[in-house]
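S.K.: Protein chains in written order, with the numbering used here: chain A, 1 to 298; chain B, 1 to 285; chain C, 1 to 272.
Derived from the structure by calculation, the hints contain no laboratory data.
None of the values given here were measured: they were computed from a predicted structure.
Take the hints with a grain of salt, since some may be wrong.
Unchecked claim - Derived lysine to aspartate or glutamate pairs resembling DMTMM-like cross-links, with alpha carbons at most 20 Å apart:
1. C:126 x B:157
2. C:231 x C:208
3. B:95 x A:105
4. C:206 x C:138
5. C:215 x C:194
6. C:126 x C:151
7. B:95 x C:55
8. A:201 x B:284
9. C:188 x C:157
10. A:195 x B:284
11. B:8 x A:15
As the list claims (entries may be wrong) - Some chain B residues well away from chain C (every beta-carbon gap over 12 Å; in silico):
12. 22
13. 32
14. 33
15. 40
16. 51
17. 66
18. 166
19. 169
20. 170
21. 179
22. 180
23. 182
24. 221
25. 247
Claimed, not checked - Which residues of chain B face chain A? A partial, calculated answer using Cβ under 7 Å:
26. 13
27. 225
28. 227
29. 228
A virtual CB, placed ideally from N, CA and C, is assigned to each residue, including glycine.
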Amino acid sequence: MRTWKFTKHLNFTAERLSYNVSRLFAATTVLLLVGIFLFLTITGIGTFRHVPFGEFFLGTNWNPTAYQQQSWGILALVVGSLIVSSLALVFAIPLGFAIALYLSEVASPRKREILKPLVETVASVPSVVLGLLGLIVFAPVIARLFHVSSGLNALTASFLVGIIAVPTIASICEDALRNVNMKFREASMALGATKWTTIGKVVVPAAVSGITAGVMLGFGRAVGETMIVLMVAGNSRAFPTSFLSPVRPMTATIAIDIKEAVVGTLHWQSLFAIGLVLFIVTFFLNFIADIILHIRKV
Amino acid sequence: MNKTLHIKEAIYFGLFRLTTISVIAFLGYILILLFSIGGSVINSRFLTAFWQHRDITQGGIFPAILGSIYLGVGVTLISFPLGIGTALYMTEYSKSGFWQRIIQLAIRNLAGVPSVIYGLFGLAVFAQFFRLGASLLSAILTLSAMTIPWIVTTSVESLRSVPQPFRESSFALGATKWQTIYRVVLPAALPGSITGGVIGIARAMGETAPLILVGATFYLSRLPTSPLDQFMALPYHTFILATQHSSPFARSYAAATALVLILLTFVLSLGAILLRLYLRARRDW
Amino acid sequence: MKGILTTEKLNVWYNGLHALIDVSIRIPQCKITALIGASGSGKSTFLRSLNRMLDMISNSTVQGKVFYNSENSLESNTDVVTLRRAIGMVFQNPTPFPKSIYDNVAYGVEIQGTKNKHHRFLGLIKPTITGDEIEHSDDPLDRIVVRSLQEAALWEEVKDRLFQSAFRLSGGQQQRLCIARAIAVRPKILLLDEPCSDLDPLSTRKIEELLLRLKKNYTIVIVTHNIHQAKRISDYVGFFHLGKLIEIDTSAKMFSNPKNALTKQYIQGYFG
């Protein structure tokens with residue numbers, strides 16, 4: 001008994017070449033991911049020869065360029081990232097979910113075909129442009145609204161980061177809603193339920209895992225945002241006390257400090273260590289979201 | 001009871017529609033804002049002259065425009081072949097479900113990696129390790145790494161949408177794998193793949209963080225003539241003007257630069273979307 | 001009765017399901033052999049094992065022998081490409097390529113190396129040459145395309161729109177196009193898997209008449225759900241049931257007095 005695999009008709013150079021070249025290219029992408037992780041780790045791990053884990057992760061003072069006593073605590077930076085990203089989700093989830101519902105349940109197929117790509121275009125807006133508008137337009141507004149001297153704080157940043165995260169959440173939630181089997185909807189409507197009730201009681205609960213994945217990936221997008229927070233979040237290394245505090249998330253720290261850090265020094269290595277933390281966080285979020293989405297498909 | 005439910009439904013659905021329209025309208029709002037702040041700055045000199053360091057009102061952003069275009073072309077040349085090749089392997093050649101999952105996992109994760117991390121990677125590997133320095137090439141390679149996952153995703157989607165009967169008929173006629181791919185599958189999938197890819201290129205051209213890390217410059221006395229030269233780019237230029245320049249006109253010049261950048265990326269993105277819609281409508285299958 | 005295509009104890013498993021059981025058959029040359037049987041009886045599986053199209057299904061296992069020209073085509077060193085050029089296949093749903101009518105028919109010949117002179121600018125510009133010019137052209141590919149379309153009784157209907165998309169044709173025309181495409185490479189054997197099941201009666205008639213003409217030069221094996229069709233066109237009939245070949249005999253005998261009781265029941269419509 002022989003099991004059949006597709007016969008490789010690989011006698012010709014074109015066959016062999018195209019097979020091997022495409023295999024090589026595919027391998028490159030896997031190697032890229034591995035490579036990023038490796039480089040971050042190799043360079044970043046050196047930090048911990050001089051800085052104990054506790055100080056790095058729990059220290060609230062980040063001052064690598066201090067004249068005498070440098071400190072390497074990233075907690076303020078991490079909390080800054082968390083505040084901005086979480087607040088961003090507060091804006092992004094309702095907006096993104098509303099859009100997802102509209103595109104998936106309400107809009108006609110033609111409208112959807114036009115509007116969905118347009119929503120995704122919002123994600124194509126260069127974040128530096130949003131940062132610029134944040135600086136010029138939104139920060140002064142926030143400053144006046146909340147009676148603070150400068151509008152460069154976590155709140156302003158999170159508003160703009162939220163906007164950038166909306167397309168991600170909208171897109172994945174919309175896919176999740178659309179993947180809910182037509183039969184569920186039909187059964188509900190046949191029982192006399194309105195569209196609204198069907199959506200609320202049947203479709204959304206069925207799509208919960210996909211929606212969760214969408215939120216997770218939106219959060220990942222928010223955590224990874226650099227330019228907006230760099231320009232608008234205030235850049236203070238002090239531990240944030242409220243959402244009106246100026247913050248310096250991890251991404252901004254890397255972008256700012258890289259100009260001052262000399263290659264090979266502890267400062268340099270520590271920036272890669274922060275990068276490693278970011279990488280692991282987003283990898284983790286993506287991995288879980290991927291599992292959730294995959295379980296659904298099966 | 002029924003009536004209130006219907007009213008409720010109408011309100012909510014209307015709200016959702018409003019939300020969607022608002023978010024899209026935000027794009028227009030951005031353009032309007034930029035135009036109001038920096039529109040007056042744009043003239044032919046602005047677009048064609050070199051940057052004047054001392055008095056920015058005398059100069060232009062031509063090197064930045066050129067730099068961004070070079071980046072776009074470079075990223076296209078590298079990421080399209082690698083991306084489409086990977087997608088081909090995943091959909092046409094790969095026999096093992098295991099490797100397909102691994103590659104797909106890698107692609108999904110690469111798509112979620114923050115741009116500043118790509119910047120670190122590019123700095124460590126291309127600029128430092130390969131000694132390419134703060135050059136066009138380093139930036140192109142870094143941005144390509146960022147864009148490949150996107151191209152793979154759109155290409156896989158495009159390849160998978162090619163109906164299986166096309167392949168079957170081709171094999172039944174005695175075509176080999178490569179012949180089938182080259183003559184039937186790719187021609188059918190390429191339009192979708194390319195229009196999707198262009199959107200990825202547009203995004204790459206709008207990225208700033210990798211450029212900060214890999215090292216674009218703010219002021220160049222001459223244009224880059226080789227990939228190893230330093231370069232200027234629109235996003236980085238905008239960033240510096242917005243945050244680090246002392247001239248009183250800096251903000252409006254930043255807005256003007258941003259306007260040029262966003263027009264460039266919008267034209268590419270929207271053009272690709274429209275092209276895609278048009279090709280889909282025209283498709284026989 | 002000398003067979004051009006014979007199988008010996010052919011067995012096929014799909015995912016553990018024994019789809020084809022010990023099938024030994026001799027397909028007679030230049031005749032129309034119809035394979036009938038209920039859904040799931042293994043007819044299509046059998047057909048696909050004749051030209052190694054089962055290779056495309058990942059969880060299939062094949063055991064036994066298939067002899068074409070006295071060589072077992074199930075050997076791992078068989079040149080599958082050449083085999084498929086000798087044994088052509090037409091599928092149930094018309095499956096033209098998203099190309100012009102001309103390019104569809106020319107495809108099988110082009111991949112063997114003949115150049116297509118009508119391709120300019122990557123096929124983005126439609127050639128302006130007329131059907132008459134092509135009919136009288138000397139170019140080898142042109143002649144093959146014309147000949148195949150004529151043999152498939154499609155030439156008159158398409159000669160003025162050879163370079164339009166094949167999808168503009170009706171279902172029946174598309175299927176005749178697929179047949180033209182298959183015979184363009186001059187296979188020895190033509191396998192058809194329920195080619196008319198999606199078509200209207202008029203198109204079905206046209207294709208049946210086409211097959212009756214083709215049998216002069218081609219050995220035809222047709223899987224069909226339609227007993228009347230089998231009666232109309234076949235010389236030999238094979239009856240499949242639950243993976244086994246129950247009986248095969250001349251059409252006349254099968255329809256008047258089959259040896260097997262099961263065959264009789266199926267033909268009389270007791271199940272299906």
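S.K.: Confirm or reject each hint.
M.R.: Hints, verified against the model:
1. C:126 x B:157: Answer violated: residue 126 (chain C) to residue 157 (chain B) is near 29 Å, above 20 Å.
2. C:231 x C:208: holds (11 Å)
3. B:95 x A:105: violated (37 Å)
4. C:206 x C:138: violated (30 Å)
5. C:215 x C:194: Holds - the C-alpha atoms of residue 194 (chain C) and residue 215 (chain C) are around 17 Å apart, at most 20 Å.
6. C:126 x C:151: Violated: residue 126 (chain C) and residue 151 (chain C) sit about 25 Å apart, past 20 Å.
7. B:95 x C:55: holds (12 Å)
8. A:201 x B:284: Not satisfied, since the Cα-Cα distance of roughly 39 Å exceeds 20 Å.
9. C:188 x C:157: violated (26 Å)
10. A:195 x B:284: Roughly 34 Å between the alpha carbons, so the hint for residue 195 (chain A) and residue 284 (chain B) is violated.
11. B:8 x A:15: Distance ~61 Å between residue 8 (chain B) and residue 15 (chain A) Cα, so the pair is violated.
12. 22: holds (40 Å)
13. 32: holds (39 Å)
14. 33: At roughly 41 Å from the nearest Cβ of chain C, residue 33 (chain B) sits farther out than 12 Å, so the non-interface label holds.
15. 40: holds (43 Å)
16. 51: With a cut-off of 12 Å, residue 51 (chain B) remains clear of chain C, as the shortest Cβ separation is near 41 Å.
17. 66: Nearest chain C Cβ is 30 Å from residue 66 (chain B), so the label holds.
18. 166: violated (6 Å)
19. 169: violated (5 Å)
20. 170: Given that some Cβ of chain C is not farther than 12 Å from that of residue 170 (chain B), nearest at about 7 Å, it is violated.
21. 179: Given that some Cβ of chain C is not farther than 12 Å from that of residue 179 (chain B), nearest at about 5 Å, it is violated.
22. 180: violated (9 Å)
23. 182: violated (10 Å)
24. 221: The claim stands: residue 221 (chain B) keeps its Cβ more than 12 Å from every Cβ of chain C (closest is about 43 Å).
25. 247: The claim holds: residue 247 (chain B) sits with its nearest Cβ about 50 Å from chain C, beyond 12 Å.
26. 13: Since the shortest Cβ distance to chain A is 5 Å, the answer is holds.
27. 225: violated (26 Å)
28. 227: Nearest chain A Cβ about 20 Å off; hint violated.
29. 228: violated (19 Å)
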